Amino acid sequence: MSLIELQDIRRSFTIRTKAGRLRREKREVHAVDGLSFSIDAGECVGYIGPNGAGKSTTIKMLTGILVPSSGRLRVAGVDPARERVRLARRIGVVFGQRTTLWWDLPLRDSYELARRIYRIPDARYRANLDRCIELLDLGGLLDTPVRQLSLGQRMRGDLAAALLHDPQVLYLDEPTIGLDVVSKARVREFLREVNTRQGTTVLLTTHDLVDIEQLCGRVMVIDHGRVVYDGSLDGLHAAGQSERTLVVDLAEAGPAIEVAGARVVKVEGPRQWLAFPAQQSAAPIVAAVAARYPLADLSVREPAIEDVIARMYAEVAIG
Amino acid sequence: MEIPVGLGPENGAHAPDTGQLSRDGRWDTGRLYLAIAKGAFRRYSTYRAATVAGTVTNTVFGFILAYTFLALWQARPGLGGYDTAQAVTYIWISQSLLVTVAVWGGGFQDEVQDRFRTGDIAIDLYRPVDFQGWWLATDLGRAAFHLVARGLLPTLVGALAFHLRLPTDPLVWAVFLLTVLIAVVASFGLRFLVSLTGFWLHDSEGIRAVMLVVAMFFSGMLLPIGLFPGRLGELAHVLPWAALIQIPTDILLERRTGGAVLTGIAFQLVWALVLLAAGRAAQLLATRKVVVQGG
Ligand SMILES: Nc1ncnc2c1ncn2[C@@H]1O[C@H](COP(=O)(O)OP(=O)(O)OP(=O)(O)O)[C@@H](O)[C@H]1O
Ligand SMILES: [Mg+2]
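Protein sequences appear in the order of chains A and B. Take the working numbering: the last position of the first sequence gets the number 319, and nothing is skipped along the way. Take the working numbering: the last position of the second sequence gets the number 295, and nothing is skipped along the way.
Note that these hints are calculated values from the structure, not bench results. Please read all numbers here as calculations on a predicted model, not as lab measurements. Heads up, some of the hints might be wrong.
Claimed, not checked - Partial chain B-side listing against chain A, Cβ under 7 Å, derived: (1) Gly39; (2) Ile121; (3) Ala122; (4) Val129; (5) Gly133.
Claimed, not checked - Using C-beta positions, here's what the derived DEER-type ranges look like: (6) B:His237 x A:Ala123: 54 to 60 Å; (7) B:Val210 x A:Asp143: 40 to 46 Å; (8) A:Ala123 x B:Val52: 38 to 44 Å; (9) B:Tyr47 x A:Ser38: 47 to 53 Å; (10) A:Glu134 x B:Arg42: 51 to 57 Å.
Stated by the list, open to error - Here are the simulated EDC-like pairs of lysine to aspartate or glutamate, each with C-alpha atoms no more than 16 Å apart in a straight line: (11) B:Lys38 x A:Asp104; (12) A:Lys184 x A:Asp230; (13) B:Lys38 x A:Glu213.
Ideal placement from N, C-alpha and C gives every residue a C-beta, glycine not left out.
Taking the hints into account, I'd like the entire structure generated from these sequences.
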């Protein structure tokens, strides 16, 4: 049985806008519109989608601070909204743009508090804290007031706070937002460790696809509150009809090359860009070009996952 | 309600949760709130500059008001049944309680308001700690700090500069401290209700401003309630703000003795409990609003 199960979950908001002096208009926004998926214990799932797709709304429903308008939702066998407090002891949540830490007090105090809130047995608390300190390099920061921490340091502090009570599930809403490359790497490394060693189930929302590439075996793309893709990251290329690019440098500038199976997307002096389906081999195209045009150099570019997803978002918006 | 077996811990690391409110459980809850209160105490103690400035302000105002009252009582001796020494003592004690009891609002209110603004208030809801209990604990921690820093120090200065009428019976002091504690809880009850309006209004700044004026007047901060004429005085004596300053100071000045001490404490307790209960009801509505309507 799955740890997280959603069946046809819908959530709409009523937005009241002023229309004229006295009239008020009511408008329904379907933030989540028939979402169904399940996640097994131990999975690490990337949850992506354009702004306003309904990602944060989903996470709020999973933590129980928002009830679905309709549908069936279970986390660890319980209905989150009805047993919010009880479920809180089994989940960890990190909102990249908010903090659960005590702003004016040393980091250590927030951990002591977490220990009391979640009633963590002493030995477990020690062990977990030590592990977090080591993996997140928090040793030198424990006595620093949270308000004096940099964004990256604070995020590491928040991650530790969310994991001290050994949650079964960790929800992360944009955990790497605003972090520099080094901090991002550290956070990812830590999350991988938590997922693989501890077996903690991770659901990760992000706009940084590198997070997904490095951490998640499974990715769900949602848009307008529906799942538009659910599968492996590699599968996204096929699903997104992504294209590879052949870049050729001809001996001299000329008109666009004409060759079967590829189309020219850009010409810049002697250099031309040819796009062809990602699943197709480059060899016949290279051979065909070489046979008819004097070649100086060539290279093949793999499709960027960003482009694939951008195209996927755009398609959903049109279709 | 039990979490069905089999959905429980996936590995040994996840602590079992039986959900029974055992004696251990209550003990743990007590320690949690103590930890929250201690944290708040320490937090306020880190604002050194603000504390110094505030203490100086209380002391300066103590002097100004004490001289004003001296002049007033010289013109009208025995006004409201207070002799001159009692009147001056009233000033210093009310100055000491002003911030401790947060007559003008503030304390956790600023923080809650901030959390509404940033949206962090949602985080508070998913933490497995009672919202009201959490903020009450922080406010008690804050009040303990303010009682020492902004209460004790100005009173000591006042006692050196003026002839104060302070009790010698330690029991009176003990009862006084108890009434201050209840006063803080009652004041918390009022402020909590005001803060919760933030769930419905974009900003509770306006209500806070109105409450400040009302509280300043009806708590007896400007003038002892005993000096209010006729109906106004009767009204002031039954409103919750009388529990904040008037009752503790009357007990310390030994204007309330014997049975009147008990009725005073009972009055405070009733208001504290009514306000806490109202806050709890408002919290239920607010939680429902966030969870069902989405904020
Ligand atoms: N409390 C609310 N009241 C009204 N509308 C809301 C509320 N919360 C979310 N929405 C709307 O629901 C939709 C989904 O929002 P949500 O925050 O879930 O998006 P998201 O996928 O997290 O986007 P982002 O990538 O920008 O964080 C948006 O159109 C948003 O305006
Ligand atoms: Mg979001």
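Now for the hints, and whether the structure bears them out:
1. Gly39: Holds: closest Cβ of chain A sits about 6 Å from Gly39 (chain B), inside 7 Å.
2. Ile121: Since the shortest Cβ distance to chain A is 10 Å, the answer is violated.
3. Ala122: holds, 6 Å
4. Val129: holds, 6 Å
5. Gly133: Interface hint status for Gly133 (chain B): violated (11 Å vs cutoff 7 Å).
6. B:His237 x A:Ala123: 54 to 60 Å: holds, 56 Å
7. B:Val210 x A:Asp143: 40 to 46 Å: Given about 42 Å between the Cβ atoms, the range holds.
8. A:Ala123 x B:Val52: 38 to 44 Å: With a Cβ separation near 43 Å, Ala123 (chain A) and Val52 (chain B) satisfy 38 to 44 Å, so the hint holds.
9. B:Tyr47 x A:Ser38: 47 to 53 Å: holds, 49 Å
10. A:Glu134 x B:Arg42: 51 to 57 Å: violated, 27 Å
11. B:Lys38 x A:Asp104: It holds: about 13 Å lies between the C-alpha atoms, which stays within 16 Å.
12. A:Lys184 x A:Asp230: Violated, because 25 Å separates the two Cα atoms, which is more than 16 Å.
13. B:Lys38 x A:Glu213: violated, 44 Å
Consistency note: the structure conflicts with the earlier hints numbered 2, 5, 10, 12 and 13.
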